[in-house]
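If you're matching them up, the sequences are chains V and E in order.
Our numbering puts the first sequence at residues 1 to 754.
Our numbering puts the second sequence at residues 1 to 356.
Where hints are given, some of them may not hold.
[To be verified] In silico DSSO-like links for lysine-lysine, alpha-carbon gap of 27 angstroms or less:
no.: 1; chain 1: E; residue 1: 281; chain 2: E; residue 2: 269
no.: 2; chain 1: E; residue 1: 108; chain 2: V; residue 2: 645
no.: 3; chain 1: E; residue 1: 115; chain 2: V; residue 2: 93
no.: 4; chain 1: V; residue 1: 645; chain 2: E; residue 2: 115
no.: 5; chain 1: E; residue 1: 306; chain 2: E; residue 2: 322
no.: 6; chain 1: E; residue 1: 12; chain 2: E; residue 2: 72
no.: 7; chain 1: V; residue 1: 626; chain 2: E; residue 2: 306
no.: 8; chain 1: E; residue 1: 132; chain 2: E; residue 2: 174
no.: 9; chain 1: E; residue 1: 108; chain 2: E; residue 2: 72
no.: 10; chain 1: V; residue 1: 645; chain 2: E; residue 2: 132
no.: 11; chain 1: V; residue 1: 645; chain 2: E; residue 2: 114
Just so you know, these hints were derived from the structure itself, not from any lab.
Chain by chain, the residues run as shown.
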Amino acid sequence: MRAESSTAGFHPTVLLWLAVGWIGYAVVPWYGLDDNFFLLGWLLDGYPLDDDVAPALFLNLQGQKLWLAPFALLLALPLTLYGRNRNDPLFGKLLIAVGAIGMGWFFMQGFGIGLRGWNFAWLNQLFGELDDRQFGMGYGALLTVTAFLFLFCVGLAARGAVGGDVFVVSAIGFVVATVGVFIFMPVLQMLANALVTPDGGYSLGSFISKIFSERLWSLGCFTGTRCGVALNSLFLAILVGVLTTLLGLVFALVATRTGFRYRRLLRALTVLPIITPPFVIGLAIILLFGLSGAVTQFVSGIFGIQPTRWVYGLPGLLMAQVLAFTPIAFLVLIGVVEGVSPSMEEASQTLRANRWQTFWNVSLPLMRPGLANAFLLGFIESMADFGNPLVLGGNFDVLSTEIFFAIVGAQNDPAQAAVLAIVLLFFTLGAFYAQRFWLGRKSYTTMSGKGDAGVHPRLPSLLEKGLFTVAGLWAFFTIFVYATIFYGSFVTRWGIDYSLTLQHYVKSFSIGRTEHGIHFSGAAWSSFWTTIEIALISAPLTAAIGLVTAYLLVRQHFKGKEAFEFGTMLSFAIPGTVIGVAYVIAFNVPPIELTGTGIILVLSFIFRNMPVGVRAGIASMSQIDKSLDESSLTLGANSWQTFRKVILPLLRPAILAALVYSFVRAMTAISAIIFLVSARYDMSTSYIVGRVENNEYGIAIAYSTVLIVVMLIVIGLMQLVVGSRRIGRRGVESDMSQSRTNVAAPVVQTPGAG
Amino acid sequence: MSEVRSNAATVKFDHVTKRYGSFTAVNDVSLDIEAGKLVTLLGPSGCGKTTTLRMIAGLEMATEGRIMIGGKDVTCLPATDRDVSMVFQSYALFPHMTVMENVEYGLKFSGVPKKEITQKAQAGLELVGLAKFGHRLPSELSGGQQQRVAVARALVLEPQVLLFDEPLSNLDAKLRRHVREEIREIQQNLGLTVVYVTHDQEEALAVSDRIVVMNNAVIAQDGTPRDLYEAPANAFVADFIGEANIFDCEIESVSKAIATVKLGPVTLKLPSRGQTPGPAKLAARPRRIELAKAGAQNTLPGKIAKSTYVGSHAEYVVSTDKGEIFIISQDVDQIHAPEATVGVAFARSGPVLIGA
Chain V
1 MRAESSTAGF
11 HPTVLLWLAV
21 GWIGYAVVPW
31 YGLDDNFFLL
41 GWLLDGYPLD
51 DDVAPALFLN
61 LQGQKLWLAP
71 FALLLALPLT
81 LYGRNRNDPL
91 FGKLLIAVGA
101 IGMGWFFMQG
111 FGIGLRGWNF
121 AWLNQLFGEL
131 DDRQFGMGYG
141 ALLTVTAFLF
151 LFCVGLAARG
161 AVGGDVFVVS
171 AIGFVVATVG
181 VFIFMPVLQM
191 LANALVTPDG
201 GYSLGSFISK
211 IFSERLWSLG
221 CFTGTRCGVA
231 LNSLFLAILV
241 GVLTTLLGLV
251 FALVATRTGF
261 RYRRLLRALT
271 VLPIITPPFV
281 IGLAIILLFG
291 LSGAVTQFVS
301 GIFGIQPTRW
311 VYGLPGLLMA
321 QVLAFTPIAF
331 LVLIGVVEGV
341 SPSMEEASQT
351 LRANRWQTFW
361 NVSLPLMRPG
371 LANAFLLGFI
381 ESMADFGNPL
391 VLGGNFDVLS
401 TEIFFAIVGA
411 QNDPAQAAVL
421 AIVLLFFTLG
431 AFYAQRFWLG
441 RKSYTTMSGK
451 GDAGVHPRLP
461 SLLEKGLFTV
471 AGLWAFFTIF
481 VYATIFYGSF
491 VTRWGIDYSL
501 TLQHYVKSFS
511 IGRTEHGIHF
521 SGAAWSSFWT
531 TIEIALISAP
541 LTAAIGLVTA
551 YLLVRQHFKG
561 KEAFEFGTML
571 SFAIPGTVIG
581 VAYVIAFNVP
591 PIELTGTGII
601 LVLSFIFRNM
611 PVGVRAGIAS
621 MSQIDKSLDE
631 SSLTLGANSW
641 QTFRKVILPL
651 LRPAILAALV
661 YSFVRAMTAI
671 SAIIFLVSAR
681 YDMSTSYIVG
691 RVENNEYGIA
701 IAYSTVLIVV
711 MLIVIGLMQL
721 VVGSRRIGRR
731 GVESDMSQSR
741 TNVAAPVVQT
751 PGAG
Chain E
1 MSEVRSNAAT
11 VKFDHVTKRY
21 GSFTAVNDVS
31 LDIEAGKLVT
41 LLGPSGCGKT
51 TTLRMIAGLE
61 MATEGRIMIG
71 GKDVTCLPAT
81 DRDVSMVFQS
91 YALFPHMTVM
101 ENVEYGLKFS
111 GVPKKEITQK
121 AQAGLELVGL
131 AKFGHRLPSE
141 LSGGQQQRVA
151 VARALVLEPQ
161 VLLFDEPLSN
171 LDAKLRRHVR
181 EEIREIQQNL
191 GLTVVYVTHD
201 QEEALAVSDR
211 IVVMNNAVIA
221 QDGTPRDLYE
231 APANAFVADF
241 IGEANIFDCE
251 IESVSKAIAT
261 VKLGPVTLKL
271 PSRGQTPGPA
281 KLAARPRRIE
291 LAKAGAQNTL
301 PGKIAKSTYV
311 GSHAEYVVST
321 DKGEIFIISQ
331 DVDQIHAPEA
341 TVGVAFARSG
351 PVLIGA
């Protein structure tokens, strides 16, 4: 009854990708354009014959860029498959060959021929001077190489890869290719850059002397001078890791093991780090403890102590980062603390242990892996943090800011930046690796899912009191900090003139009326709209690639899956500053020339935030029984139909969460994009940092407040939408509540925890 | 047009092996399933029965060997392209679709005209007695009803083979009996080829035309329910299907396919079933062993170790030189007390010789 796939004519998927390939080669301009492609201005610019906007076919016909001509041949070859069945060995072999040669040739010509002819001296020697050149590739090139990629995948599937499933093979191919081009290639190019000497040669010696330099590893702070940058970062990260873990544990215990009535309030705390741009806490610390800070002045007024700049450096950084990252530790630990099976603790009590002995000998050891997880997460976050060190660092240099100054400062030394980035990468990847292979595989969850009734015992009362005190103080401090930000945005000039004013808001967000209608005259509008635009474009793309990756990881088995998973989660451990530097180095020159465009911002967001989508997807997909997919398959749907009709509808809450989350992350990110913004595409966060550097704190704080409010609204709306959805089913309702916490969960979903 | 028909086809396994890394889940299994029959794969957990079923479905691919359905080689065909439906242990009803949408789901991908889809789905629901439940969500049905929706969803595709993966394990005992009778009835009425996986031997005996007992990745025995019960091929089957006492014995001689068997002081004449003189094993069902007076002729002397009265019959454990023997006695008028000495007698037909 099930229809045999037709043998006559073309395989429809092949036809589709051939068409895409031909459009890329013969219809769309091959090279990048000066203005926006989608405005279609190029149609009037001498298309299709003018060199600048011509498709490859027309260039070739005019005898130019002849190295593009082989693509025509390669795209013509699959036409010989007319009438062949996909089970025909020739079908798969030919497509694999065409795809592989096409992609190979594509990258060879792209990297081989650049702005000044041959890119490599040996090519010059081999073929002689080339008196032609090429610019960065455009949409034509993109479509063509995409076609080759998918033809390759169809070929592989026809040869039986992953059970011959075209959709799955193509999805794997797509993810591998994009992650390869936009994460691995730039990072590798950056690493290669670290070997470059100032005069342009390559030298391992200078690299080694740089990487072991005093500047990085000096132990001077123990003898009175300054410590190396790398050690500063390490020291700070360890402190932050320990403190956030302890505080997170305190909160988790308060929320789950005491009679505390306002748990929901505690949960609300977990939203804070998501909506707060990373440097805002640093700003507030300056407002409170800086030279002209409120607390500083208050104390010096009473005790007559001379105000100092003590807060700039380790103390301030520690304060800001602990404030910023404790909620993350809390999110990790609350799951772990709840996961300790009550029956274990009840068993311990029936075995004559008292509350304190139970806590110390049973509960705490069971939480150990969670504690390690939380520590490593705090460690990585602190290492990667860029905003706070930028505004609060003072003389306490850390790796992330040092990288920034190596690129944009007076030194302008990409090689030095690359060396620093390698050290930073070494630390974060080390932590990532440790987390993954030390904890990731073992399952410590004691919850069996069924029949685990029982109540968590109360904590010893002394411990309980201690916890309440610490938590109370911390909560008070947090509220104080946020109140300061809010209040500060209305103050004329903090530290000097505390009169209330709206001038900062007016200056940045005024709306005027002109004869042409509403005019956004405030200084901040341009960056604000850019940010929204970029965030809106990147969010769905991030969610899509994240969920597809999650689907592959949870539901499919294929060779090299471990490596695939590692590669896709790797960008989680690559600090934003490193990605920023890598993108600047890799995408500044052809073949992929993207600096100064909005595309590079979108790309950086997609690949920075992709692990978030992956984690959200994995979390909810693991709750969908695999037999649902299988029954769909045995009922005759193919894997694409199954994905679309069964999995996606059930994942709707996760999709929404991934969307909102990547949107919000795109709005608050600073570390990567500060390298990538341009005059045309300035982003909110880099604009704010610019104001801070000009000492215009008022505007910076007012803008931050607006961002926080906007994101609160976005998250609130999302909670409403997700919360109001109901499927008349007990099981699903509990699913829903789970995915509701997913709004915040991606932070918790630590690398490898799934 | 709108009734559910059968396209029953044969299934053939030709030396099929499935390995996961170094672990062999199914080892060199050959199997022929006739069209229109209900064949059960029976065995303890981990014996490879579910893997075998999933290979028929195309959810697992055979590492070696060939699989044919309806005479066509489907070894490399994925599940989507095989004309096979499966009823899952968890039912796997799509929670975001109504009962009707669930049943229509497979029809949509099978090139059935739109008008017919609804009619067919409705006919399928009628067949399982749920005609009025089409608009409900699966969550609004009881476990037994969900099960029947799963069956209807698989039936309406009129598959060449219908697969059941422990379909009753999520139902309570009473419902189980009822649903299994329904499944059997539908199968026989429509003449479907059904492959059915279970670990419950009673269920297997009740529904099957044929049972394939699997153990440790290979087929232990393949036969009708009666064959398996009365003439188990080996100790594993004897013990797994019903209970059996297994004894070490000695075959003294074989003539005309009748073996003279020595079991301690007892001499028995039994069908030899291909055994040759020498040490062998004897399997005897608890109901095929009787208690006689101590010292009676041709009995094994023993002492009652345990005695349990359970109303319809009495159960004894008797310790003898040949080990402890479990006996079920219909004679409840006179209950033997523990420590009593007795003679253990073997029924004329019942004990069977199996390979040593």
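Hint by hint, here is what the structure shows:
1. For the hint linking residue 281 of chain E to residue 269 of chain E, the alpha-carbon distance of about 14 angstroms falls within 27 angstroms, and the restraint holds.
2. About 11 angstroms separates the Cα atoms of residue 108 of chain E and residue 645 of chain V, which keeps this hinted pair within 27 angstroms; it holds.
3. For the hint linking residue 115 of chain E to residue 93 of chain V, the alpha-carbon distance of about 42 angstroms lies beyond 27 angstroms, and the restraint is violated.
4. For a cut-off of 27 angstroms, the pair hint linking residue 645 of chain V to residue 115 of chain E stands: about 21 angstroms separates their Cα positions.
5. Between the alpha carbons of residue 306 of chain E and residue 322 of chain E the distance comes to roughly 16 angstroms, so the proposed pair stays at or under 27 angstroms and holds.
6. For the hint linking residue 12 of chain E to residue 72 of chain E, the alpha-carbon distance of about 9 angstroms falls within 27 angstroms, and the restraint holds.
7. This hinted pair does not check out: residue 626 of chain V and residue 306 of chain E have alpha carbons roughly 48 angstroms apart, beyond 27 angstroms.
8. About 24 angstroms separates the Cα atoms of residue 132 of chain E and residue 174 of chain E, which keeps this hinted pair within 27 angstroms; it holds.
9. Straight-line distance between C-alpha atoms of residue 108 of chain E and residue 72 of chain E comes to about 24 angstroms, which keeps the hinted pair within the 27 angstroms bound.
10. A distance of roughly 25 angstroms separates the Cα atoms of residue 645 of chain V and residue 132 of chain E; the hinted pair therefore holds under the 27 angstroms criterion.
11. With a C-alpha separation of about 18 angstroms, the suggested pairing of residue 645 of chain V with residue 114 of chain E holds against the 27 angstroms cut-off.
Figure legend: structure checked against the earlier numbered hints; hints not met, in rising order: 3 and 7.
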